[in-house]
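Novice: Sequence:
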Amino acid sequence: MPLDLPSYIAGVPFESQDRLEVFNPWNHECVGSVVRITPVQLEEAIQTSLKGGTALTRYERSQILQKTAAALQERAEEFARLITAESGLCLRETRYEVGRACDVFRFAAMEALRDDGEIFSCDIAPGGKARKIFTTREPLRLIAAITPFNHPLNQVAHKLAPAIAAGAPMILKPSEKTPLTAVRLAEVLYASGLPGWMLSVIHGGLDDITRPMIRDERIDLVTFTGSAAVGKDIAATAGYKKLCLELGGHSPMLVLEDADLELAALLACEGSFRNSGQRCTSARRLLVHEAVLEEFTRRFVEKAAEYVCGDPADEATRVGTVIDERSAQNLEKAVQEAIATGAQLLAGGVRKGAQLQPTILANVPRTAYIAQNECFGPIAPIFPVKDLEDALELANATPYGLSSSVVTRSLESALTAVKRIRAGTVNINEIPGYRLELSPFGGVKDSGLGIKEGVVEAIKFMSTVKTFSLPW
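Using this note's numbering, read the sequence shown as starting at 793 and increasing by one per residue.
Treat the hints with care, since some could be wrong.
Derived EDC-like pairs (lysine to aspartate or glutamate); straight-line CA-CA distance at most 16 angstroms [claimed, not checked]:
hint, residue 1, residue 2
1, Lys1095, Glu1062
2, Lys1033, Glu1054
3, Lys969, Asp1116
4, Lys924, Glu910
5, Lys969, Glu813
6, Lys1211, Glu1181
7, Lys1258, Asp907
8, Lys969, Glu1249
9, Lys1033, Asp1050
10, Lys1252, Asp908
11, Lys1252, Glu1009
12, Lys859, Glu979
13, Lys1178, Asp1050
14, Lys1034, Asp1050
15, Lys1144, Glu1181
16, Lys843, Glu813
17, Lys1095, Glu1124
18, Lys1144, Glu1117
19, Lys1034, Glu813
20, Lys1258, Glu1009
21, Lys1252, Asp907
22, Lys1034, Asp1012
23, Lys1258, Glu930
24, Lys1252, Asp1012
25, Lys969, Glu1117
26, Lys843, Asp1012
27, Lys859, Asp895
28, Lys1034, Glu1062
29, Lys1211, Glu1249
If you're looking for bench data, these hints aren't it; they were derived computationally from the structure.
Could you put the whole structure together from the sequences, leaning on the hints where they help?
Specialist: The following block contains the structure:
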């Protein structure tokens, strides 16, 4: 039975006949719908959040977050199947995503109890006084969050959990392609004790809802995860306020001459094909040393055959659909363009509706479209490199700088790569996307403004530090 879900205005369900329908990318069945709001409800959400209510103690915030994690864990299969239905991601991925989201709420619950206040003695300067300066952290008045389709639960959790830990109210605008999971998560939060004024979940058009929300001077922070083009539009629209933009990526994975090739083949598959290749940190370019190119490629193609493509709800499926057929068509076009310019198709390349088989391309020209542009799907282009210097130059040769990885046995090469690759993350002998939900995460260049997410850094960014002094 399709879900018919409301928007929530400061915790109160808003119903209307104006509904946004959501369809399963695999079989085109209607999964459910959500209510679109009007500018009237947006204004109500802003005013109610700013008016606020009784501020929650650290303990109360921590308890809400803990209860949310526990409730999510209990309903893990329900959430996993909902994500699969509205996004086309296979159950293997969506179950993993629910586990990650549980971690986000657990870590945020832990951090809600932490006080990072400092004390400065004022008699350390020649003209010092018998005073002490203290710091305290205060939540922002109101945050607007805009989340993407590729992680309908975890990306929402990464916005909501730190805001709750900081004590800051939020208006959430989830992707119109995967809104159902976000609404269900909000309901879990309300049931776990979150006051309504601390969270609104809204749906609506770009010009009448999203842009006015971004522009509104009463909002202190806009936090967004999505494409570089949209992120830059937000930056131009938002005006004088804090921005946290976690944007696209074109992450390289360097396979050096001394690499463990069995490990490299596994990491290439995991980095390129997990989540249907719809991760901003997916391995988008495999930069492989000429000396091991042939052997790596053989192992990679052999390993990729294990990544079964099919019905996302089938337990055997390891690669589901991308978000919609149009996206799959664009991916197919990028593959065909690469082949037309000289690349060799070694695996995959076949599209069926919104599904593209895991695709491996060899000898991709560095001038090909796929070499410079983020193609958000299960495509793995291989680029031969002469040496570490050549690999580093190619790794940095795109506008993006989100993540990267290096497969090597050499500590010297690893450290050189860490220092030279211009990206927010460099992982050694791991996929580019490896991280903890607690650790700092974010990119540079067209991948972001250098502002970090991850629970600890997000809490800091969603609050401000106030100093005060007292005689001592």
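Novice: Look at each hint and say if it fits the structure.
Specialist: Right, here's what the structure says about each hint:
no., hint, result
1, Lys1095 x Glu1062, "holds, 10 angstroms"
2, Lys1033 x Glu1054, "violated, 48 angstroms"
3, Lys969 x Asp1116, "holds, 9 angstroms"
4, Lys924 x Glu910, "holds, 10 angstroms"
5, Lys969 x Glu813, "holds, 9 angstroms"
6, Lys1211 x Glu1181, "holds, 13 angstroms"
7, Lys1258 x Asp907, "holds, 13 angstroms"
8, Lys969 x Glu1249, "violated, 28 angstroms"
9, Lys1033 x Asp1050, "violated, 48 angstroms"
10, Lys1252 x Asp908, "holds, 10 angstroms"
11, Lys1252 x Glu1009, "violated, 21 angstroms"
12, Lys859 x Glu979, "holds, 12 angstroms"
13, Lys1178 x Asp1050, "holds, 13 angstroms"
14, Lys1034 x Asp1050, "violated, 44 angstroms"
15, Lys1144 x Glu1181, "violated, 40 angstroms"
16, Lys843 x Glu813, "violated, 32 angstroms"
17, Lys1095 x Glu1124, "violated, 22 angstroms"
18, Lys1144 x Glu1117, "holds, 8 angstroms"
19, Lys1034 x Glu813, "violated, 32 angstroms"
20, Lys1258 x Glu1009, "violated, 21 angstroms"
21, Lys1252 x Asp907, "holds, 11 angstroms"
22, Lys1034 x Asp1012, "holds, 6 angstroms"
23, Lys1258 x Glu930, "holds, 7 angstroms"
24, Lys1252 x Asp1012, "holds, 14 angstroms"
25, Lys969 x Glu1117, "holds, 12 angstroms"
26, Lys843 x Asp1012, "holds, 15 angstroms"
27, Lys859 x Asp895, "holds, 12 angstroms"
28, Lys1034 x Glu1062, "violated, 35 angstroms"
29, Lys1211 x Glu1249, "violated, 22 angstroms"
The structure fails hints 2, 8, 9, 11, 14, 15, 16, 17, 19, 20, 28 and 29 (numbered hints given earlier, in ascending order).
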